[in-house]
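S.K.: The task is simple: from the sequences and hints, build the whole structure.
In order, the protein sequence lines correspond to chains E, C and H. Mapping the first sequence onto the working numbering, position 163 (from 1) lands on 163, and the numbers just tick up by one. Mapping the second sequence onto the working numbering, position 677 (from 1) lands on 677, and the numbers just tick up by one. Mapping the third sequence onto the working numbering, position 38 (from 1) lands on 38, and the numbers just tick up by one.
Keep in mind that a hint or two might mislead.
[What the hints assert, rightly or not] Just some of the chain H residues that point at chain E, by a computed CB distance under 8 angstroms: (1) I3; (2) L15; (3) L18; (4) V30; (5) N41; (6) Q61; (7) V65.
Just so you know, these hints were derived from the structure itself, not from any lab. Note that the Cβ used here is the ideal one computed from N, Cα and C, for glycine as well.
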Amino acid sequence: MIPEPVRALLFYLCAGLALAGGCWVAFARNIVHSAFALLATFAGVAGLYAFLSADFLAVVQLMIYVGGVLVLILFALMLTSRIEEARVSNPTIGLVPGAVVLIAVSALLVYACVKEFGGTTDLPPGEPTTAGIGDALLSRYVLPFEVISVLLLAVLLGAVTIAGGRLRKPAPGGKPGKERP
Amino acid sequence: MHLEHFPLGLIPLLPLLGAVYAGFFGARLQRRWREPVIYWPAIVLPWASFVITVVAVAKLAGAGHHTALYHRAWSWLSVGSLQVDVAFQMDRLSAVMALVVTLVGSLIHVYSRGYMKDDPGFWRFFSNMNLFMFAMLVLVLADNFLLMFVGWEGVGLCSYLLIGFWYRETKNAVAGMKAFIVNRIGDYGFSLGLFLLFWGLFLAPVVTTGDPGDRLAAPGGPHAAPAVDAAEPGAPAAADTGIHGGAPLTSVTFREVQTIVEDPARRDGILGQRVLGAGLITVVCLLFFLGAAGKSAQIPLYVWLPDAMAGPTPVSALIHAATMVTAGVYLVARLHFLFAASAAAMTVVATVGALTALFAATIGLFQYDIKKVLAYSTVSQLGFMFLAAGVGAYWVAIFHLMTHAFFKACLFLGSGSVILGCHHEQDMRKMGGLRKLMPITAVTYALAACAIAGFPFFSGFFSKDEILWKAFDSGNLLLPGKGIALWALAAAAALCTSFYMFRSYFLTFTGTYRGGQDAGHGHGHGHAPHESPRSMTVVLVVLAALAVGGGWIGLPILWGLPNRFEQWLEPAFAGSHHLIESAHRGHGAEWGLMALSVAIAIAGWFAARWLFRDGKNPIPARLLASSRPAVRGVYRTVFNKYYVDEFYGRVFVRGTRQLSELLARVDRDVVDGLVNLWGSVGRVVSDVQGMIDAHVVDGAVNAIGAGSVRLGRSLRRLQTGRIQSYVFGLTTGFVILVVIGYLLA
Amino acid sequence: MSIGLGHFVAVSALLFSLGLFCLITRRNAVAILMGIELILNAALLNLAAFSRYLHGQPDGQIFAVFGIVLAAAEAVVALAIVLQLYRAFRTVDTAETTELKG
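M.R.: See below:
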């Protein structure tokens, strides 16, 4: 059993990692930095999952988000953005309304959370839930499970069709297709 | 049941290795080093399986009566209450099947070496044959339904591959597809039966034996451990299972299903379970029987087997006579404890079996293709086996299965030898007089024909006579007069059997050779037929010896002789023994029936000899030439197999096609028409509107239009097309709403 | 000080806000997608936390698993669209890809 202060420390480490990563994603000037900061966020959230005794979820988070989604995002960046120029690669717009929203929403939500759930205390570490999730997926949730697999198939086909198939060329004389300065 | 470990997995594994070897490397190796590099491994590996099987059976024979050999390879599935292992089990029933499969299979492999010589697909043939051995051995040695289903599908696949072995001819490929599709109908029954059984056992209530009124809720409820404990001292079935009250609520393992069904605490609950207005067990059994009928070519699913003769003859001998088609009989015998519990299912099995026996036998009377005769004879003999299984004489069914494997394999291989000798001629009208040219083939064919016809002291006599007697003596059937009607059908079928077998013998082997006269047909070489190579004749001799002597292990008890076969299988079917009733018709009747069946065999032989010996009797030709409508009508109907294929083609195949055409037409005419109608209505309306628009409202519209343009221009600023501004608006609105709500509250 | 449900939910609220900020201020389509990923992570963290503290059963985790799978699917399709967008406009700046704008 890990003593209480260490647990708290671990939690703050994970939460800090996630939030610092999130901040960097949101504020970085260079989009490649953003993408790598996303790694920190995902890792931090995985740590929080582990903290919640959701061991399976933590592993899935690492495997799918870090191993899959993030790699995809990086690929898309490499393929689409002129990443060597920070100014071009990650332009921003409307920073002032963004900041207003950020402050208003976070204040509102954090206030509500602390007010509503601030009183709950820590629980002792629970049992691993992987076996339970496996059972539930193949019994109670077997229909969503199967539907998800159909969805994945559809996504696979859709991604191939969209990314691989050439869309119809825009009408001649239109804006697109021209190399922009 | 007591389990002992033995590496049974090796028995199917060896042929699988052979299949992989020939399948993956065969084409190249054959080109490089010719055929020996293919056939040596392909022949040796099944023989090795046979040796291991013999060792296993020896061990089984040395152990106690209720012992089974067991080998758990690995755990396959484990989900909730479904536990499936890849496990093999050899009890006394599986032992008989495995012995027959490996012995006959290995012999036929040896034979194939000569038969398939110089075929470019030599490697493919042996790969498929070995794969078939693997699948068939998995089927008979499987410890549970799912693994058995793997073998079940595997043999179907191999059957398909081998029927269409010479796939360049469309006819052969179509025959393969037909076999596959008809089998699929049966497999559907098999899987439905399995699901229903699994589910039904799960739902069946557990009743404590002490107080039948006290029902525990079955699913998820406490398993009736106290009930089992209470029942244990008095119930040997539960005591010697080795599972000791830990039997699961439901299972797909044969052993455990039997334990569950025989558990006194559960039995009443299971038998009382009803599905669709019929008893659960009856429905399950009928579904399994549908599967068995598909695989074993019973009415109404027998149509694929005669067409399956398109494959090479060793395939017909191995798959479509000796082993695969008997899988259905094996299934019924394996599930004897279920079938015996449902008199209705038993009656259906026996009736279908007897009808098939006679029906197919009558078709066999008029066929000219030597393999077609044997094919219908196989269907008919399978009908006999189902009749035996249906009246509860499981050991007799297995006994006939075994003797049939011997004599029918011998007959098929003999016909293969004839076909090879006559340069791939299958029409018996173009044979004749082959006895002098192919003496070994002729003698073995005659011996096997005597065996199938049921001449005394040949193997077929013992098994077929026992079937007829058990049918006559059955007390279980739900038919008026119990088994007498079925016995009459089967006896008539036996008469036909004897007749058509000897007809084929006399047409083929006596008289003068009629093939050479057809000069235009001979492929430039008018050679006389010749005896087949040694590797084929040796196999014929061995199988003929088995066909003659194979029945001696099941001598009739009536003669005061020991029936070793029944004693051997008795423990395997002990679970259903008490459910099978006899009509107690007495020894006198049994002696009488035996004499009658001998008389039937001789009558068939005599009639065939009179009509067809040496091709001298003019009556058959005159009958065929007869213009009397009654004679012609009967002959045509039977010769064309009662038009069943045409009926199926018209009703099911064309029905499906017509339905789809009808739907297409509905789509084209009705739906498209509606759409088009709607379209034209819209056009007319818009034309009218356009006219009104152009002449009446233009002025007004122009005014409004100008106003709209101005309004739109000012509103367009909001519609930026940027997600960011939309999200900003959305969020701001949300925050404002929450704050307002908070303030108001 | 012991860690309670409030902590998790607060972290998730902050993540959500950061994602929202990302969504509002970025013009690069891929960066917008990153913002969406942040928001999704916040939501899934909430699911797991509520399931642990309020429900006591792993059902919330199962939904989170489904959510992760859906997020992955969404990312795949969105990135395919981004690629196609780039192919058609040679840029993924959402401020410039305004073909439909009158």
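S.K.: Compare the structure with each hint and give your call.
M.R.: Here's how the hints hold up against the structure:
1. Restraint check, H/I3 versus chain E: the minimum CB separation of about 5 angstroms is within 8 angstroms; hint holds.
2. Because the smallest distance between the Cβ of H/L15 and any Cβ of chain E comes to about 5 angstroms, under 8 angstroms, the interface hint for this residue holds.
3. The beta carbon of H/L18 is positioned within 8 angstroms of a beta carbon in chain E (closest approach about 4 angstroms), and the interface hint is therefore held.
4. Given the 8 angstroms rule on beta carbons, the hint for H/V30 holds: about 5 angstroms separates it from the nearest Cβ of chain E.
5. With 8 angstroms as the threshold, the beta carbon of H/N41 comes within range of chain E, its nearest partner Cβ sitting at about 5 angstroms, so the hint holds.
6. About 5 angstroms separates the beta-carbon of H/Q61 from the nearest beta-carbon of chain E, less than 8 angstroms, and the hint is met.
7. Look at H/V65: its Cβ gets to within about 6 angstroms of chain E, closer than 8 angstroms, so that hint holds up.
Of the hints listed earlier, there is not a single one the structure fails to meet.
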